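**Student:** As a plain string of letters, each chain reads:
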Amino acid sequence: MKSNDERLYPPLWRRLYSVWYRHMRVYTKNLLSNGLPPFLEPLLFLAGVGLGLSKYITETMDGLKYIEFLGTGLLMTSAMFTASFECTFGTFIRLEFEKVYDGMLAAPITANNLIVGEIIWAGTKGLFFSFAVLCILTVFGIVHLPYSLFVPLIGFITAVMFATLALLITSFVKTINHFNFFFTGLLSPMFFFSGVVFPIGNLPKYIQPFAEVVPLTHSVRLARAVCTCRYNIGLLGDLIYILLFIFIIGLFAVKRLKKRMIN
Amino acid sequence: MSDIVITVNNFNKSFGKLRAVCDLSFEVKADSCFGFLGPNGAGKTTVMKTLYGRCLRDRNADDRVNVFGYDPAENELAIKSLSGVVQQENNLDDELNVIQNLHIYAKFYGLSSKAVKKQIDYLLEFFELGDKAKSRIRELSGGMKRRLVIARALLNNPKLLILDEPTTGLDPQVRHLIWDKLRQLKRQGTTILLTTHYMEEAFQICDEVLIMHQGKKMMHDTPLNLIEKNIESYVLEITGIESLESLEQSGLPGNVRVDKSQQVTRLYSEDTEQLRALANKLEGAQYYLRQANLEDVFLKATGKGLNEKQ
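Taken in order, these protein sequences are the chains called A and B.
Our numbering applies: residue 36 is where the first sequence begins, and numbers increase by one.
Our numbering applies: residue 370 is where the second sequence begins, and numbers increase by one.
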């Protein structure tokens, strides 16, 4: 019976791949409008900071020039935002408005396959977005090849991490407007207080532990280490944090979201 | 034994306090077309969704749901790989064109690219969408979209095709085309399961019809038997109440059944001559003498008034 079943439907990796493939086809359909902004956004950021702000910021931060400090942080925030948008608004629209999942779940994939496929796709977008930022940073000589080439991989796991969080949030959300709380209440504070714009060490002592709890801090630390080739044993802790986060939050997200798809 | 492809015994499903399906049992024979009729909220869609694992039934000791030898609660993948599903809504990807919509779904079935191309060409031809292959979804009419969704459900050459209201909101031409295609598929060995609100559709293409109401099976038989066994052969429909009153005063024969609704009164009888004689006594009232049909049976089984779920 078992071997018979296996011939009936594709193996797990193909089922995940077909979900990923669907998203990739839809995303690349509008290549210009979807593919250009990831390059333009860091360009605007760096232009704004480089032309205006950097003149006033002469101090180094964690031993980096300000533009280097900020640039290496942006590698991760772009991955964070793209995964978060994809798995909140994107997922919710596919689930509730476009009914895309209805169609997909009629094909031989399980709800679990579908949700894990979403996460892998969000990770891929994170990889692409941090790669786009990397291109800009490299062109302007802010980070240097070749070791910085590993940074999109950190972008991938960062996006996977935020995808699990975003999906967990989505599993609770009743109307699409509720996502505003997530973006304004969680992601925006993380952007400012996770060592992207300034070092965590500059935060008041009683706030610093909070910065350690939120996920972005750990991604930024890894990305900066990869770009500057300055490694220390503490980074292992950051990596473990991310992997545990993905595993635990991912488990809850899949479980809760599945209940919304299969009732 | 082998010619039964779906067996459902004592199937129950509740959503919170609401009992969507109560103790439903039925069997579907291979290569037949099995139709579910019922008012909105009767539980038809829930039954469909349960068969391919989209809905989980309440588990009881003596319940059984079996599709091609598999229980959907345990092996949804095997069932889905043997089936095609057309849901109520046209969930196509608007960003992609017709052929791309089919392509992304072909991936789910793990078909080789050569087989995919052949199958897509065949299906576009079969549903008369050949010249629309490169069209964007929003350029398609409602009927084309519906045909495309059905084509998409046939990519894997399914042995079972599940259709939830396949022709709702379509014009008669498209509806007849879809019926023709479904008959053709049935002849080629596809078992078809569908829900519909169109009695004509059930009568035209279904070999067996199950009428549901509030989660329960009300009737189950072939369309012709449903009419023959459950309702008188002829109906006299009379509009206007005054004319009926004069008829009633002069006395109605005992074997004529009267069914009054707000504006229309229906007199049922096995004898057409008897009804014709009654019609002749009507002065100036509008009337219509016709054969009884599935809709009469349906309304008898499920009632004329609306319930809270409709």
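Think of the hints as simulated: they come from the structure by calculation, not from any bench.
Quick caveat, the model's predicted, so the values are computed rather than measured.
From the three backbone atoms N, C-alpha and C, an ideal C-beta is built for every residue, glycine too.
Accuracy of the hints is not assured; some may be wrong.
Each pair of labels, with its calculated beta carbon distance range [what the hints assert, rightly or not]:
#1 B:Ala-484 with A:Leu-67: 29 to 37 Å
#2 A:Arg-295 with B:Gln-632: 31 to 39 Å
#3 B:Glu-606 with A:Asn-215: 23 to 31 Å
#4 A:Pro-72 with B:Ile-373: 40 to 48 Å
#5 B:Asp-427 with A:Pro-234: 53 to 61 Å
Straight-line distance between alpha carbons at most 20 Å, and here's what the computed SDA-like set of lysine to any residue pairs gives [stated by the list, open to error]:
#6 B:Lys-650 with B:Lys-669
#7 B:Lys-501 with B:Val-543
#8 A:Lys-134 with B:Gly-538
#9 B:Lys-598 with B:Lys-555
#10 B:Lys-528 with B:Arg-626
#11 B:Lys-514 with B:Phe-496
#12 A:Lys-64 with B:Val-543
#13 B:Lys-586 with B:Lys-669
#14 B:Lys-669 with B:Glu-614
#15 B:Lys-486 with A:Met-296
#16 A:Lys-209 with A:Phe-120
#17 A:Lys-134 with A:Phe-233
#18 A:Lys-134 with B:Val-543
#19 A:Lys-64 with B:His-472
#20 A:Lys-90 with A:Phe-233
#21 A:Lys-209 with A:Met-296
#22 B:Lys-503 with B:Tyr-491
#23 B:Lys-398 with B:Gly-385
#24 B:Lys-486 with B:Arg-505
#25 B:Lys-514 with A:Lys-90
#26 A:Lys-134 with B:Asp-463
#27 A:Lys-134 with B:Thr-376
#28 A:Lys-64 with B:Asn-435
#29 A:Lys-64 with B:Lys-586
#30 A:Lys-294 with B:Ala-442
#31 B:Lys-555 with B:Asn-429
#32 A:Lys-64 with B:Lys-555
#33 A:Lys-293 with B:Phe-495
#34 B:Lys-514 with A:Met-96
#35 A:Lys-134 with B:Arg-505
#36 A:Lys-290 with B:Asn-444
#37 A:Lys-134 with B:Leu-509
#38 A:Lys-134 with B:Arg-507
**Student:** Work down the list of hints and note, for each, if the structure agrees.
**Tutor:** Taking the hints in turn, this is what the structure says about them:
1. The hinted range of 29 to 37 Å is satisfied by B:Ala-484 and A:Leu-67, whose Cβ atoms lie roughly 33 Å apart.
2. Under the hint 31 to 39 Å, the C-beta atoms of A:Arg-295 and B:Gln-632, about 44 Å apart, miss the expected range.
3. At about 57 Å, the beta-carbon gap between B:Glu-606 and A:Asn-215 misses the expected band of 23 to 31 Å.
4. For the pair A:Pro-72 and B:Ile-373, the supplied restraint of 40 to 48 Å is violated, since their beta-carbon distance comes to about 56 Å.
5. Between B:Asp-427 and A:Pro-234, the C-beta spacing of about 57 Å keeps the proposed range 53 to 61 Å intact.
6. A distance of roughly 27 Å separates the Cα atoms of B:Lys-650 and B:Lys-669; the hinted pair therefore is violated under the 20 Å criterion.
7. Taken as a hint, the B:Lys-501 and B:Val-543 pair is honoured in the structure, with Cα atoms around 16 Å apart against an allowance of 20 Å.
8. With a C-alpha separation of about 19 Å, the suggested pairing of A:Lys-134 with B:Gly-538 holds against the 20 Å cut-off.
9. For the hint pairing B:Lys-598 with B:Lys-555, the CA-to-CA distance comes to about 26 Å; that exceeds 20 Å, so the pair is violated.
10. Annotation: proposed proximity of B:Lys-528 to B:Arg-626 is violated, straight-line Cα distance about 44 Å (limit 20 Å).
11. Taking the CA atoms of B:Lys-514 and B:Phe-496, the gap is about 11 Å. The hint holds against a cut of 20 Å.
12. Taking the CA atoms of A:Lys-64 and B:Val-543, the gap is near 30 Å; set against the 20 Å cutoff, the hint is violated.
13. Of the pairs offered as hints, the one joining B:Lys-586 and B:Lys-669 holds, with about 14 Å between alpha carbons and a cut-off of 20 Å not exceeded.
14. Distance restraint check for B:Lys-669 and B:Glu-614: the Cα-Cα separation of roughly 23 Å exceeds the 20 Å cut-off, and the hinted pair is therefore not satisfied.
15. Distance hint between B:Lys-486 and A:Met-296 is unfulfilled; the C-alpha atoms sit about 31 Å from each other, more than 20 Å.
16. With a CA separation close to 17 Å, the supplied pair A:Lys-209 and A:Phe-120 stays within the 20 Å bound.
17. Taking the CA atoms of A:Lys-134 and A:Phe-233, the gap is near 42 Å; set against the 20 Å cutoff, the hint is violated.
18. Restraint check for A:Lys-134 and B:Val-543: not satisfied, since their Cα atoms lie roughly 24 Å apart, outside the 20 Å limit.
19. In summary, the hint linking A:Lys-64 to B:His-472 is supported, as the alpha carbons are separated by about 14 Å, within the 20 Å threshold.
20. Pair hint A:Lys-90 plus A:Phe-233 holds up; C-alpha atoms about 16 Å apart against a cutoff of 20 Å.
21. About 14 Å separates the Cα atoms of A:Lys-209 and A:Met-296, which keeps this hinted pair within 20 Å; it holds.
22. Distance check on the hinted pair: B:Lys-503 and B:Tyr-491 sit about 15 Å apart at the alpha-carbon level, within 20 Å; holds.
23. Our distance criterion of 20 Å between C-alpha atoms is broken by B:Lys-398 and B:Gly-385, whose separation comes to about 33 Å.
24. For the given pair, B:Lys-486 sits about 19 Å from B:Arg-505 by alpha-carbon distance, which is consistent with the 20 Å threshold.
25. Between the alpha carbons of B:Lys-514 and A:Lys-90 the distance comes to roughly 59 Å, so the proposed pair goes past 20 Å and is violated.
26. At roughly 12 Å between alpha-carbon atoms, A:Lys-134 and B:Asp-463 fall within 20 Å of each other, so this suggested pair holds.
27. Among the hinted pairs, A:Lys-134 with B:Thr-376 is inconsistent with the structure: their alpha-carbon atoms are about 29 Å apart, more than 20 Å.
28. Restraint check for A:Lys-64 and B:Asn-435: not satisfied, since their Cα atoms lie roughly 41 Å apart, outside the 20 Å limit.
29. Distance check on the hinted pair: A:Lys-64 and B:Lys-586 sit about 47 Å apart at the alpha-carbon level, beyond 20 Å; violated.
30. Among the hinted pairs, A:Lys-294 with B:Ala-442 is consistent with the structure: their alpha-carbon atoms are about 14 Å apart, no more than 20 Å.
31. Taken as a hint, the B:Lys-555 and B:Asn-429 pair is broken in the structure, with Cα atoms around 33 Å apart against an allowance of 20 Å.
32. The hinted pair formed by A:Lys-64 and B:Lys-555 fails the criterion: a straight-line CA distance of about 37 Å is larger than 20 Å.
33. In summary, the hint linking A:Lys-293 to B:Phe-495 is not supported, as the alpha carbons are separated by about 36 Å, beyond the 20 Å threshold.
34. For a cut-off of 20 Å, the pair hint linking B:Lys-514 to A:Met-96 is broken: about 58 Å separates their Cα positions.
35. Between A:Lys-134 and B:Arg-505 the alpha-carbon distance is near 18 Å, which keeps this suggested pair within the 20 Å criterion.
36. The suggested pairing of A:Lys-290 with B:Asn-444 holds, with an alpha-carbon distance near 18 Å, which does not exceed 20 Å.
37. A C-alpha spacing of about 18 Å is found between A:Lys-134 and B:Leu-509, which places the hinted pair at or below 20 Å, so the restraint holds.
38. Using a Cα cut-off of 20 Å, the hinted pair A:Lys-134 and B:Arg-507 holds, with the two alpha carbons roughly 16 Å apart.
Hints 2, 3, 4, 6, 9, 10, 12, 14, 15, 17, 18, 23, 25, 27, 28, 29, 31, 32, 33, 34 from the list above are not met by this structure, while the remaining hints are.
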